[in-house]
Structure formats: structure tokens, C-alpha cells
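Sequence order for the protein chains is A and B. Take the first sequence: its position 19, counting from 1, is numbered 18 in numbering that gives the first Met the number 0, and each next residue is one higher. Take the second sequence: its position 304, counting from 1, is numbered 303 in numbering that gives the first Met the number 0, and each next residue is one higher.
Be aware that a few hints might be false.
What the hints assert, rightly or not - Pairs of lysine-lysine residues, derived as DSS-like cross-links and limited to a Cα-Cα distance of at most 25 Å, are as follows:
| no. | chain 1 | residue 1 | chain 2 | residue 2 |
| --- | --- | --- | --- | --- |
| 1 | B | 243 | B | 265 |
| 2 | B | 245 | A | 192 |
| 3 | B | 262 | A | 190 |
| 4 | B | 243 | B | 7 |
| 5 | A | 34 | B | 437 |
| 6 | B | 437 | A | 190 |
| 7 | B | 271 | B | 7 |
| 8 | B | 262 | B | 2 |
| 9 | B | 262 | A | 192 |
| 10 | A | 34 | B | 2 |
| 11 | A | 89 | A | 141 |
| 12 | A | 192 | B | 189 |
| 13 | B | 163 | B | 189 |
| 14 | A | 190 | B | 243 |
| 15 | B | 392 | B | 366 |
| 16 | A | 174 | A | 2 |
| 17 | B | 163 | B | 265 |
| 18 | B | 163 | B | 79 |
| 19 | A | 190 | B | 265 |
| 20 | B | 7 | A | 190 |
| 21 | B | 189 | B | 79 |
| 22 | B | 243 | A | 192 |
| 23 | A | 190 | B | 189 |
| 24 | A | 174 | A | 141 |
Hints listed in this document are in silico derivations from the structure and should not be mistaken for laboratory results.
What follows is each chain in one-letter form.
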Amino acid sequence: MEKFISHTGTAVPLRRSNVDTDQIIPAVYLKRVTKSGFEDGLFAAWRNDPEFVLNQPEYKSATILVAGADFGTGSSREHAVWALQNYGFKAVISSRFADIFRGNSLKGGLLTVILPQETVEKIWGAIETDPTTQVTVNLEAKNVRVGSEVYPFDLDDYTRWRLMEGLDDIGLTLKNIDSVSSYEESRYSFKPKTLPVRS
Amino acid sequence: MSKTLAEKIWADHIVRSADGEPDLIYIDLHLIHEVTSAQAFDGLRLAGRTVRRPDLTIATEDHNTPTLNIDKPIADPVSKLQVDTLRQNAAEFGVRIHSLGDAEQGIVHVVGPQLGLTQPGMTIVCGDSHTSTHGAFGALAFGIGTSEVEHVLATQTLPLVRPKTMAINVDGVLPDGVTAKDVILAIIAKIGTGGGQGYVIEYRGSAIRALSMEGRMTICNMSIEAGARAGLIAPDETTFDYVKNKPHAPQGADWDAAVAYWKTLKTDDDAKFDVEISLKAEELAPFVTWGTNPGQGLPLNSSVPNPADIADAEERGAAERALTYMGLEAGVPLKSIKVDTIFLGSCTNGRIEDLRAAADILKGKKKADSVRMLVVPGSARVRLQAEQEGLDKVFIDFGAEWRNAGCSMCLGMNPDQLAVGERSASTSNRNFEGRQGKGGRTHLVSPLVAAATAIRGTLSSPADL
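Turn these sequences into a full structure, and let the hints steer you where they fit.
See below:
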């Protein structure tokens with residue numbers, strides 16, 4: 000996984016709440032068996048509308064998405080994270096994320112930043128007034144800089160460290176695999192097994 | 000120290016706990032399907048890793064499979080590749096799989112319980128958000144993304160931050176015609192699609208205790224629509240009776256040991272939840288959604304809401320957008336809304352009890368000329384059972400289509416989809432824009448409301464017949 004320390008780019012305002020993962024990428028786009036090529040499905044239904052914000056030339060090269068509350072609700076599809084990343088987004092800012100989407104994004108290196116709704120509104124205002132406004136999401140300092148304004152955000156130290164080091168969870172867990180083996184010895188013997196098949 | 004049910008199960012599964020790190024939690028059962036697993040198996044292959052516990056893993060095909068002509072190769076080559084990839088991965092990594100055509104194939108969340116693999120006190124995960132269904136057995140069960148699928152395949156564990164706990168109490172007796180589906184739709188309308196974020200919900204109270212296992216599964220299934228990754232119900236005699244004699248249920252002395260343990264799985268009397276919410280069963284009614292998220296629901300007897308009456312600007316905007324998408328006018332009685340398609344099925348309402356309840360209403364009647372109705376059993380096993388009971392004949396005589404098992408029209412991925420502008424009354428779980436097909440309009444309902452609607456052609460409850 001690529002390390003995430005700080006990212007600077009332009010940002011696109013998505014003034015909608017409850018953006019579910021079926022909107023981020025409809026199910027019909029989930030048939031691929033790779034992690035790439037999902038950018039075509041990103042917000043597929045909305046992108047048919049020429050007025051949709053991602054279709055505006057001034058936001059074409061944005062790398063930070065600033066969305067309404069409850070972003071990423073619904074299906075657990077990690078394809079939603081891949082679609083945002085494949086399209087070029089490095090970070091998403093919202094006042095509230097759905098649990099599974101947030102977990103998926105932080106596993107995959109897409110930084111999801113929680114800021115209060117009034118701050119989200121201020122950022123919307125700034126990037127709508129001037130779409131070339133540079134926005135910096137600084138994970139090391141745990142803040143977002145928009146022009147001359149700086150907004151601090153919170154993220155637990157463990158996840159921050161993992162993202163800054165670009166570490167994947169499996170490698171970290173495998174370092175403690177002995178504790179998994181000893182746990183397995185203490186499991187109740189009546190717990191079910193899928194093999195051998197019983198009918 | 001006194002604990003809630005969720006906290007007890009959590010404590011029983013901690014492999015490793017360290018300050019400033021998430022707990023490492025052991026996973027008792029990992030369910031797999033074709034859509035969210037391919038990239039995970041690929042990750043294992045690239046890193047030269049194996050599946051640590053194939054004997055705690057099971058795969059089936061459900062999301063991307065047709066419900067017609069299942070004896071023929073899948074027509075869409077991209078879908079076929081995805082299903083073939085699952086079959087190859089299962090063979091390569093030694094994972095048990097139930098493929099299309101197999102008597103145990105079906106929606107993962109119907110298959111686990113019917114095989115007796117879902118039991119109280121377990122941790123259960125699947126790359127599907129409706130894994131919360133298994134919480135009905137007093138298990139801690141939740142949906143995960145593909146990175147986590149790979150993590151579980153490789154280590155049989157997940158690093159997780161302990162969730163907060165929420166109690167939802169439903170006391171009293173449900174009125175006639177009010178089902179588990181109406182209860183959960185009413186809960187979501189009350190707490191909102193984000194109300195459960197960060198929590199595990201425990202459903203409690205006499206109305207919950209009185210539900211069958213199928214009804215409890217319907218409730219826990221839609222915990223995710225309230226924002227909660229998991230929802231659960233303490234196991235009791237209803238649970239034990241359901242699990243007993245299922246293929247993978249404990250047997251002999253193991254059964255006794257298991258039941259003794261399961262009986263300890265309840266929230267201590269003096270345990271505290273972070274949040275408690277209460278509903279009175281008597282005040283609930285058949286429920287239906289009018290908008291494009293599952294929190295936008297109302298009793299069937301009411302009218303389409305007027306966005307102008309909503310104080311919160313954000314919510315008002317969302318309601319306006321929803322009405323435009325749904326093609327509805329404010330103030331119109333919900334019962335006057337004409338639908339084109341009735342979908343009876345899904346992991347929410349595709350179990351035998353759901354089919355029986357609908358068949359009971361449809362028996363000897365004919366569908367409205369203006370509608371089509373799809374009846375899709377949740378698993379091949381449910382289909383066989385229904386055919387033994389003659390339910391298939393009831394549905395076919397009524398004018399409905401009797402399909403093979405799968406997720407079908409719950410999500411617009413396989414061939415079963417709504418056309419642009421088509422309106423459904425659906426027993427599934429999500430009414431998002433385009434969820435059942437691009438441009439499709441979904442009203443979420445119970446199996447009883449679905450059946451009554453199929454007879455009248457407009458949103459209806461059995462009381463209207």
C-alpha cells in the first residue's frame with residue numbers, strides 16, 4: 000500500500016447526504032475480478048447528467064471529494080473505494096461516514112476525513128467560489144488546510160501510523176500468528192465446522 | 000463486571016489485545032460469495048499465502064447468478080467469469096462451495112442458518128453487509144470489505160475496534176398484519192440511516208421474543224440499513240429448537256455442552272447500554288418506504304410527505320430529490336400508488352415462512368392484470384421445501400413467476416432488474432436510486448403487503464382485501 004503522509008490538490012463539492020455505495024458504484028459494475036478499471040462506474044447514474052458536479056470542467060482534475068453527511072452507506076462493496084481511487088481521488092471529507100465504507104477506505108489507503116458539518120459547508124463555499132483553491136490533507140499534522148484556513152481532524156494513532164507507513168493489516172497480524180494458534184486450542188469443541196460436509 | 004450480550008461474545012473472541020491497537024478478534028465462520036472474494040483470493044496468491052481454516056469457510060453463488068435457465072451456462076460472459084473465478088478459487092484453496100444447481104446453493108445468509116452453521120455465540124463475517132442477519136441467533140455477525148475478506152482467509156481473525164452498544168426495546172403485542180419487516184422499517188424511520196453508526200444493536204422486549212427465527216432474521220438483516228454493522232437477539236428456546244437437528248448442529252454430549260453455554264448468552268440485568276430506544280408494538284402498522292433511502296418510510300395508511308413541512312434543510316433537499324426520482328407528488332395517499340412489479344424474495348424475506356405467509360393470501364386469487372410478480376426463494380433448499388408444500392402451485396396459479404434461488408431483483412446485477420421508471424413493491428432491503436435496476440423505483444414492504452399489492456395493483460395491506 001502506498002504511504003499517505005500529506006496530499007495537496009483541488010477539491011470537488013458533492014452537496015448530497017446519504018450517498019450510498021450503490022450511487023458510488025452501481026452493482027452492474029461489480030463484475031470485474033480485478034481491483035482496477037472501476038472509474039467508469041463511479042457515480043455512473045449521476046454522471047449521465049451534464050449538470051452533475053464531476054462533469055464540470057473546473058472540477059475535472061480534483062483529487063479530494065467533499066461530501067454531505069452519511070457518505071458510503073449501504074452495501075459493503077470495497078469496489079466503492081477502488082472506484083474513487085481509480086478515478087483519482089486520494090481523500091474524502093464528510094461529517095459522517097458509514098462504518099463499513101470507512102473501514103474499507105482506511106484499509107485501502109483512501110483517507111476519509113471527518114470534519115464538522117459547518118466546516119464542510121465552509122469548504123464547499125471556498126471551493127465553489129474558487130475551484131482552483133488548493134486543499135491540503137495532512138495526515139502527519141492531522142489537519143486540512145483550505146487557503147489560509149486550517150481545520151484539525153482526529154484519527155486514532157494506530158490507523159494513522161499504519162497509513163503513514165503504508166502497512167497492510169495482514170502482515171501485521173501474521174507477526175502475532177502464534178497468539179491465533181493458542182486461541183484456537185482453547186475454542187469450544189462444539190463449534191461448527193464446514194468440513195467434512197454433513198447433510 | 001456486568002456485560003451486554005455483544006460484549007460477552009466480543010470478550011470470548013479476543014485473540015490479542017494491546018493498548019492503542021484494535022483488538023484482534025477470532026472469526027468462527029466465514030461466508031464467501033462471488034462478488035467480493037475474487038480480489039481477496041488474488042491477494043493471497045500474490046503473497047504466497049493459504050486459507051488458514053478452510054474448515055471454517057464456506058462459499059456459495061448468489062449475487063451474480065440468473066434465476067432462470069440455471070442448467071445452461073451463464074449468458075453474460077463477464078458474470079460467467081466472476082462465478083467461474085469463485086469455483087476455481089474454491090478448488091485451489093480447498094474451500095467448500097455450493098454452486099448453482101446444488102441443493103444447498105442460495106443466498107449466503109439463508110444457507111448458513113439452514114445448514115446449522117449459524118449458531119449462538121459465534122463471530123460470523125462475510126463480504127456482504129447483510130451478514131447482520133445471523134445476529135438473530137445471538138451471534139456477532141457483520142459485513143466486511145474485500146481487504147478484510149483476505150485478512151480472514153489468511154489469519155481467521157480481524158483487527159477491530161470495539162463497537163458501542165445500543166438496545167432497541169419493542170414491548171407489547173404486534174397488531175394483526177404487522178410483521179417483523181414492518182417493525183424494522185419503523186425502527187429505521189425512527190433512528191435514521193445513520194442512527195446505528197458505530198453501534199451493535201441488541202433487539203429486546205416481548206414483541207421480539209415472540210418472533211420466529213425467520214422474523215428475527217428479518218429484523219437483524221436490516222440493522223445495516225439503520226447504520227449498525229451488527230444487530231443481535233439473545234438466544235432462547237426458539238433459537239435452540241431451530242438449530243437442533245440441522246446438518247451441522249452439535250450432536251449428543253456436544254449439544255448439551257453447547258446449550259449450557261448458549262444459555263449464558265444474554266445481557267446481564269445490571270449491564271448498561273450506551274443508548275436505549277423503545278417502541279410500543281401496539282403502535283406499529285404495516286410500513287412502506289416512499290423515498291430513496293430506507294429511513295424514508297411511513298405507515299401504509301399515510302400520504303406521501305410534503306418536503307416543505309421538513310424543517311431540516313438537508314433532509315428537505317433529500318426528500319425533494321427523492322420525490323422527483325420516485326415520480327411522486329406530495330400529499331398523495333400511499334395506497335393510491337400503482338406498482339408494476341412485485342418482488343418476493345431476498346435475504347430479508349426469502350425464507351420459507353415468508354413464502355408461506357404470502358401464499359396464504361394469494362391462494363385461489365389472481366394477480367392484477369397490470370403487474371408482474373417474481374417469487375424467488377432464498378435458497379434451493381427453500382425452493383424444494385416450498386414445492387413439497389405445494390406453494391409453487393399457489394404462486395403459479397396466481398400468475399406469479401416461480402424462480403430459482405438467488406439475490407435476484409434485490410440488486411441490479413443479475414438479469415432480474417427493473418426497467419427505467421418501473422415501480423416495484425419489494426420485500427428486499429434497499430430502495431436506493433437504481434438499486435433494482437437503472438431508473439427503477441422501489442417501495443420496500445413486508446411479504447403480506449407484497450401479496451396484497453399483487454392482488455390489487457396498488458400498495459395495499461391484507462386488511463384492504
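Structure-based check of all given hints:
Taken as a hint, the residue 243 of chain B and residue 265 of chain B pair is honoured in the structure, with Cα atoms around 19 Å apart against an allowance of 25 Å. Our distance criterion of 25 Å between C-alpha atoms is met by residue 245 of chain B and residue 192 of chain A, whose separation comes to about 13 Å. For a cut-off of 25 Å, the pair hint linking residue 262 of chain B to residue 190 of chain A stands: about 15 Å separates their Cα positions. Proximity of residue 243 of chain B to residue 7 of chain B is assessed by CA-CA distance (about 23 Å); at most 25 Å being required, the pair is judged to hold.
In summary, the hint linking residue 34 of chain A to residue 437 of chain B is supported, as the alpha carbons are separated by about 23 Å, within the 25 Å threshold. Taken as a hint, the residue 437 of chain B and residue 190 of chain A pair is broken in the structure, with Cα atoms around 43 Å apart against an allowance of 25 Å. This hinted pair checks out: residue 271 of chain B and residue 7 of chain B have alpha carbons roughly 13 Å apart, not beyond 25 Å. Between residue 262 of chain B and residue 2 of chain B the alpha-carbon distance is near 15 Å, which keeps this suggested pair within the 25 Å criterion.
Restraint check for residue 262 of chain B and residue 192 of chain A: satisfied, since their Cα atoms lie roughly 21 Å apart, inside the 25 Å limit. Between residue 34 of chain A and residue 2 of chain B, the direct Cα distance comes to roughly 41 Å. Violation of the 25 Å bound is thereby established for this hinted pair. A threshold of 25 Å between alpha carbons decides the hint, and for residue 89 of chain A with residue 141 of chain A the separation of about 15 Å falls inside it, so the pair holds. Of the supplied pair hints, the one linking residue 192 of chain A and residue 189 of chain B is violated, its CA atoms being roughly 39 Å apart against a limit of 25 Å.
Between residue 163 of chain B and residue 189 of chain B, the direct Cα distance comes to roughly 19 Å. Compliance with the 25 Å bound is thereby established for this hinted pair. Restraint check for residue 190 of chain A and residue 243 of chain B: the C-alpha separation of about 14 Å stays at or below 25 Å, so the hint holds. Pair hint residue 392 of chain B plus residue 366 of chain B holds up; C-alpha atoms about 14 Å apart against a cutoff of 25 Å. Between residue 174 of chain A and residue 2 of chain A the CA atoms are separated by roughly 20 Å; this keeps the pair inside 25 Å, and the hint holds.
Straight-line distance between C-alpha atoms of residue 163 of chain B and residue 265 of chain B comes to about 17 Å, which keeps the hinted pair within the 25 Å bound. At most 25 Å may separate the alpha-carbon atoms for a hinted pair to count; residue 163 of chain B and residue 79 of chain B exceed this at roughly 41 Å. Between the alpha carbons of residue 190 of chain A and residue 265 of chain B the distance comes to roughly 18 Å, so the proposed pair stays at or under 25 Å and holds. Note on residue 7 of chain B and residue 190 of chain A: the hinted pairing holds, with a Cα-Cα distance of about 16 Å set against a maximum of 25 Å.
In summary, the hint linking residue 189 of chain B to residue 79 of chain B is not supported, as the alpha carbons are separated by about 41 Å, beyond the 25 Å threshold. For the proposed pair residue 243 of chain B and residue 192 of chain A, the alpha carbon gap of about 16 Å is at most 25 Å, so the pair holds. Proposed proximity of residue 190 of chain A and residue 189 of chain B is contradicted: the alpha carbons are some 37 Å apart, above 25 Å. Distance restraint check for residue 174 of chain A and residue 141 of chain A: the Cα-Cα separation of roughly 28 Å exceeds the 25 Å cut-off, and the hinted pair is therefore not satisfied.
Of the hints listed earlier, those the structure fails to meet are numbers 6, 10, 12, 18, 21, 23 and 24, in rising order.
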